[in-house]
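Trainee: Listed below, chain by chain, are the residues.
2 protein chains.
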Amino acid sequence: MSKYKHLNNLILPQELGSLTVPQCERLCGEIRKKIIATVMKNGGHLSSNLGTVELTVAIHRVFHSPDDKIVWDVGHQAYTHKLLTGRYDRFSTLRKEGGISGFCRPDESEHDAFISGHSSTAISAAFGMAEAMRINGDNHHAVAIIGDGAFTGGLAYEGLNNAGKSKDNIIVILNHNDMSISKNVGAFAKYLTSIRGNAAYLDAKKRVEKILAETPIVGEPIKKFILASKSALKSVLYHSTMFEDMGFVYLGPIDGHNISELEEALRAAKKLRCPVFVHVNTIKGRGYYPAENNPGAFHAIPSAGYDEENPDNNVTDSFSEIFGKKLSSLADADKNICAITAAMKYGTGLQHFAAKHGNRFFDVGIAEQHAVTFSAGLAKSGKIPVFAVYSSFLQRSYDQLIHDAAIDNTHIVLGIDRAGFIGDDGETHQGLFDVPMLLTIPNTVIYSPSTYAELEMCLESAVYLEDGIAAVRYPKGEETVTTGEGDTDSYSLKSNGSKRLAISYGRIVHNLYKAAGNYTDVLKLVKIFPIDEEVKKICMEYSEIYFFEESSRSGGIGERLLTELYQNGYKGKFVITSVDGFVKQASVSSCMEKYGLSENGMRKILERVGSENCAT
Amino acid sequence: MSKYKHLNNLILPQELGSLTVPQCERLCGEIRKKIIATVMKNGGHLSSNLGTVELTVAIHRVFHSPDDKIVWDVGHQAYTHKLLTGRYDRFSTLRKEGGISGFCRPDESEHDAFISGHSSTAISAAFGMAEAMRINGDNHHAVAIIGDGAFTGGLAYEGLNNAGKSKDNIIVILNHNDMSISKNVGAFAKYLTSIRGNAAYLDAKKRVEKILAETPIVGEPIKKFILASKSALKSVLYHSTMFEDMGFVYLGPIDGHNISELEEALRAAKKLRCPVFVHVNTIKGRGYYPAENNPGAFHAIPSAGYDEENPDNNVTDSFSEIFGKKLSSLADADKNICAITAAMKYGTGLQHFAAKHGNRFFDVGIAEQHAVTFSAGLAKSGKIPVFAVYSSFLQRSYDQLIHDAAIDNTHIVLGIDRAGFIGDDGETHQGLFDVPMLLTIPNTVIYSPSTYAELEMCLESAVYLEDGIAAVRYPKGEETVTTGEGDTDSYSLKSNGSKRLAISYGRIVHNLYKAAGNYTDVLKLVKIFPIDEEVKKICMEYSEIYFFEESSRSGGIGERLLTELYQNGYKGKFVITSVDGFVKQASVSSCMEKYGLSENGMRKILERVGSENCAT
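If you read the protein sequences in the order shown, they are chains A and R. Per the numbering used here, the first sequence starts with residue 5, numbered consecutively. Per the numbering used here, the second sequence starts with residue 5, numbered consecutively.
Where hints are given, some of them may not hold.
Where chains are identical, the list cannot tell them apart; a pair therefore holds if satisfied intra-copy or between any two copies.
Said to hold, decoys possible - List of simulated lysine-lysine pairs, BS3-like, C-alpha gap at most 25 angstroms: (1) K171 x K360; (2) K540 x K275; (3) K169 x K339; (4) K360 x K169; (5) K541 x K577; (6) K329 x K518; (7) K540 x K498; (8) K100 x K588; (9) K329 x K45; (10) K503 x K100; (11) K100 x K518; (12) K518 x K503; (13) K274 x K171; (14) K38 x K275; (15) K274 x K588; (16) K503 x K9; (17) K575 x K503.
Keep in mind that the hints were calculated from the coordinates and are not lab data.
So here's chain A without its partners, still in its complex pose (with noise of 0.2 angstroms):
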């Protein structure tokens, strides 16, 4: 219990500010000590929250939440400001079924004053935020804190300009590690790495320290010193920050390790009651070895059977890795084809093309809707583009896939990793919309293997037999049959003669295989939009059909198909199971279990003796 002597002795957030800084410092020991313990055992993300523990530490010195809005970007570098606002005790459910989030969720607690999962959305949701305040004439900060993986995404910037030009009460703080996930791309982050370690500014830092330190109370005179210090280095630099052109204030760089610094340097930016921009200097993995050495392969740990010494040897065989694989392998033979990712290198198994083929692999940051619209430019020149994307993501480039790819038929080919249940991350990264999505939009097809040797095939036949948008959709983690070669990339059918047929794609068909026995008959689906013709004439062979889907009911394969075939004249019964709704952290054999999807799931389904004619 020592161990956590002050995590278990507080009243936090409030007594964090009676802490001396030794008190406060050892304090961050104790925190890296839990997330280590912790993020070892269930998973989570390791590197990012090891960054933040003294800026979190100090952040809650200096603000008062929930009252002053602490908006963390993403979320994956929120643990520490969780173990400080009323969740330690509750910290070894992180990530369960049940227990708490890895991201932050305001149902969770009132310290998580925004949703966040996806990237670059703080500074927008902050500045709501900061406005409501102003309207309602409340003194409190909104404080957004933002990694410099996320401001790749150009929504960051769009709040950073809405925000820029306010009065308000809002300061973005910028966790500068020089990563996203992977190492951190585009002229932003040669830009940010170029005024890091800007002395000029760390010498205005230090009067800023100097000044603050004379001073008990800082008032206003401290806002016009630092402005007009902001002038002063306009003559001895020979530019100022972007942040300062966006209309902020900026301080820092400051080193995002020590407490006192960045005290001080948030206590100013409370003061000045305008736009300030917090430039921190963080270190990825800090104070745990492996991963301060080596951040991306600590970045998210899955939740069972980390090999701490050798990370590489946790890579093991996967969707991911056969589509990159493959891909690198097309590569090979055709030099069109080129690779995208958004900030996900190695999430997506891309690393072996990049390895081949590097003057053909763009890693565009955390940027899905450029990675589509520069996908399109690509091929309007000859190129066959593959962008390998997370579903939960992909969902970021609605508009692009509709206006930049489909209606010119222009030929992009989507792998979509991560496509069902995602287990421990929850809502924000289910996924589950990207065949409504994808079915919502003309000119385009979409397969989803249920094999790595399916996904192989299917690879193929999207980036040659397909134009316009060519999808290819396949689960996290790893195959659970394995066949030597796939058996096709369009359909296939299991028949005893039954009367009643139970259709699916995706992985989960070999749930169906197992579950059907031999009283009904099985339909594999594996380009599953638009629907074939022969497909629907088989169905039209049953009296009674069950689709199974992976995915979100609404606007689904199912509907579609029931549909179709109403049309052809099907008056069977047809029996949909798939997912409503959002989807809480739980493993995915959970998640499977919970909505009927599992093997012993759909066998009570079509064990089911009744009526019913379309049931959920």
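Please build the complex by placing chain R on the supplied structure of chain A, with the hints as guidance.
Mentor: Frame of chain A; chain R shown alone:
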């Protein structure tokens, strides 16, 4: 004919290079006349096109389309480009059915390198082309022309961030006219204005010109000079531009109506062979006094009956106006209501709200992503945000709707303007995807009023009776039937005791009332989603149902209703009449006719005798 001497007699764009500068200036005069005459007749974008005449001539003298790729952002600044690239003879068909598009369309001309209709896409698309050229060893250029208004969109920034780190032949031309559609907003606009008149840069430009003038063949030394001059400038200027920070060589500001100056800058940019940012100052509406004086009023001209003398006379009642006035009146009584627009203050009728409640009115620029996340931030602090947005632009907020609003069931109201057929603007602007898109998002309700009076009721219901995302969608233009008061905000059945039922929602309901006559009952849906249990009960009483939908069929209300009725045991006829695929430019009435949604079209469908079960 002498009015268009050059346009009539030149082989364009090839012979453009043979003209003297004074000849070019006369050509520009002809182009202006042609554009004004055509737009006043056909409607279209006037101010923005008058601003880019000289710029376009200069671009086509310096670059060789289609080998050099000219990518116009939004495309409503590209009329001169169309006149210079083989579309002069067909220019009278501008925006007419079967005629040339008001935007860039690759299927219309090889000189239209990329589709454009939505904002902020050009840099990403051009960079895709530039990277393809690099891979291919092709030395041509990709040139993106983008307005300062489009720079408020995050996608532009994502493109800049990626292009700026490359070594490609990519040139970004900023068409800086201080306007997007309304007066441009945001910190970035202020920043641009601050560098617009920067004398030091002008001096640098003059030095470039001088060297260029003295150097017939411009080669490597020029590049070195320009790069050096940038360094030299650093010593006299307190900062370099943001664009240099982002990795571009910055040239400008250039007088956008001086062909010689433009050409010299573009030739320098072309020689540099690296990412170059050319800052061009233009005057929106240039050369046409009424437009120059009031560019906002001349941004988009409707296709007939435009009052040139008094543009304000052209504002008549419309769904947009009614929406804006009603929202303003709700806000009179409720201080929590806030209004948000993405650069469409007038288009959405929010000028009424802005005039009375400026404190709670937010024009966020062309930043639909931010608009939603910002709205969610406002809502989290107790406000009732109402985001008024055109249907096709809402597509850009899909992920923010899911992630930042729906998961947490945050109450934001969407006023979805331009829902349904949009007319002359064509595919990129049709409002046909909002319904299917929103149907995929949990915690969403949709209202679709058919008259002004219903719109007022629906807006009030969306604001006060709903939680989560509450959308009210309404068409462009005026109501076709006037009622004193709205009779419902949910549904209404007009029964003659018939066995067949026709269902619809939105403005086409009034076509249906006329088409149905006495032999078909009519069910008007106003709250269209989720589908009311009572509506389903009513449907179950009929053996034939005809569903009419001014929206995309795939994933729409018709398909959804059929699925839900089937679940309840419905086995009757169900005919959906809706829209498939993308809809080309044509008048709204022509589109209605084509898709069977006019009175006449509906009558034919209702009178058709056949045994089909569920037809399109």
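Trainee: Next, verify each hint and record whether it holds.
Mentor: Evaluated hints:
no.: 1; hint: K171 x K360; in the structure: between (50 angstroms within a copy, 21 angstroms between copies)
no.: 2; hint: K540 x K275; in the structure: neither (68 angstroms within a copy, 59 angstroms between copies)
no.: 3; hint: K169 x K339; in the structure: between (47 angstroms within a copy, 23 angstroms between copies)
no.: 4; hint: K360 x K169; in the structure: between (46 angstroms within a copy, 21 angstroms between copies)
no.: 5; hint: K541 x K577; in the structure: both (16 angstroms within a copy, 20 angstroms between copies)
no.: 6; hint: K329 x K518; in the structure: neither (30 angstroms within a copy, 61 angstroms between copies)
no.: 7; hint: K540 x K498; in the structure: within (15 angstroms within a copy, 37 angstroms between copies)
no.: 8; hint: K100 x K588; in the structure: within (10 angstroms within a copy, 50 angstroms between copies)
no.: 9; hint: K329 x K45; in the structure: neither (30 angstroms within a copy, 57 angstroms between copies)
no.: 10; hint: K503 x K100; in the structure: neither (42 angstroms within a copy, 54 angstroms between copies)
no.: 11; hint: K100 x K518; in the structure: neither (28 angstroms within a copy, 58 angstroms between copies)
no.: 12; hint: K518 x K503; in the structure: within (18 angstroms within a copy, 46 angstroms between copies)
no.: 13; hint: K274 x K171; in the structure: within (13 angstroms within a copy, 41 angstroms between copies)
no.: 14; hint: K38 x K275; in the structure: neither (33 angstroms within a copy, 58 angstroms between copies)
no.: 15; hint: K274 x K588; in the structure: neither (36 angstroms within a copy, 54 angstroms between copies)
no.: 16; hint: K503 x K9; in the structure: neither (66 angstroms within a copy, 77 angstroms between copies)
no.: 17; hint: K575 x K503; in the structure: both (14 angstroms within a copy, 20 angstroms between copies)
When held up to the earlier numbered hints, the structure conflicts with 2, 6, 9, 10, 11, 14, 15 and 16 and fits the remainder.
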